[in-house]
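Everything in the sequence shown is counted per full-length UniProt numbering, starting at 1 for the first residue and increasing by one.
Misleading hints may appear alongside valid ones.
[Claimed, not checked] Quick list of the computed label-pair ranges, beta carbon to beta carbon:
id : residue 1 : residue 2 : range
1  : H98       : K77       : 24 to 32 Å
2  : R110      : E75       : 50 to 58 Å
3  : E100      : L76       : 32 to 40 Å
4  : E84       : A53       : 45 to 53 Å
Treat the hints as calculated values from the structure; they're not laboratory data. Small disclaimer: the values here were computed from a predicted structure and weren't measured. Glycine included, every Cβ here is placed at the ideal spot set by N, Cα and C.
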Amino acid sequence: MLVQWIASQQSLGANHFFVPPGPSSLNFSPDLALDSPGTDHFVIIAQLKEEVATLKKMLHQKDQMILEKEKKITELKADFQYQESQMRAKMNQMEKTHKEVTEQLQAKNRELLKQAAALSKSKKSEKSGAITSP
Numbered sequence: 001m002l003v004q005w006i007a008s009q010q011s012l013g014a015n016h017f018f019v020p021p022g023p024s025s026l027n028f029s030p031d032l033a034l035d036s037p038g039t040d041h042f043v044i045i046a047q048l049k050e051e052v053a054t055l056k057k058m059l060h061q062k063d064q065m066i067l068e069k070e071k072k073i074t075e076l077k078a079d080f081q082y083q084e085s086q087m088r089a090k091m092n093q094m095e096k097t098h099k100e101v102t103e104q105l106q107a108k109n110r111e112l113l114k115q116a117a118a119l120s121k122s123k124k125s126e127k128s129g130a131i132t133s134p
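Modelling step: build the complete structure from the supplied sequences, incorporating the hints.
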């Protein structure tokens, strides 16, 4: 709207912009305002005021949307951090359990290896004792 008004002013050869009337020009009669060429300026000012109001309303709506999206992002980040901490705790617990089970199995394996070595040694001594005794 503003661009159209500026273009129309330039096409008319106007090299100046409208300066709002001072307080002394507030005492005008409606009949004179309708007939004067300044009426176009008042119409344009009214249109521009409407456009500014509309743009302000749109800006407010966009600001509200941005705030809502920022709130959602904050909620999602908080949820992500909570889930991540829960996952880390679970992984640490699983790692601890795995380490304990591995240590138990290694201890059991060492014990079984000792038993196997003892059995093997006792069988060798029995065989060697049986062969040398006759």
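How the hints compare with the structure:
{"no.": "1", "hint": "H98 x K77: 24 to 32 Å", "result": "31 Å, holds"}
{"no.": "2", "hint": "R110 x E75: 50 to 58 Å", "result": "53 Å, holds"}
{"no.": "3", "hint": "E100 x L76: 32 to 40 Å", "result": "36 Å, holds"}
{"no.": "4", "hint": "E84 x A53: 45 to 53 Å", "result": "46 Å, holds"}
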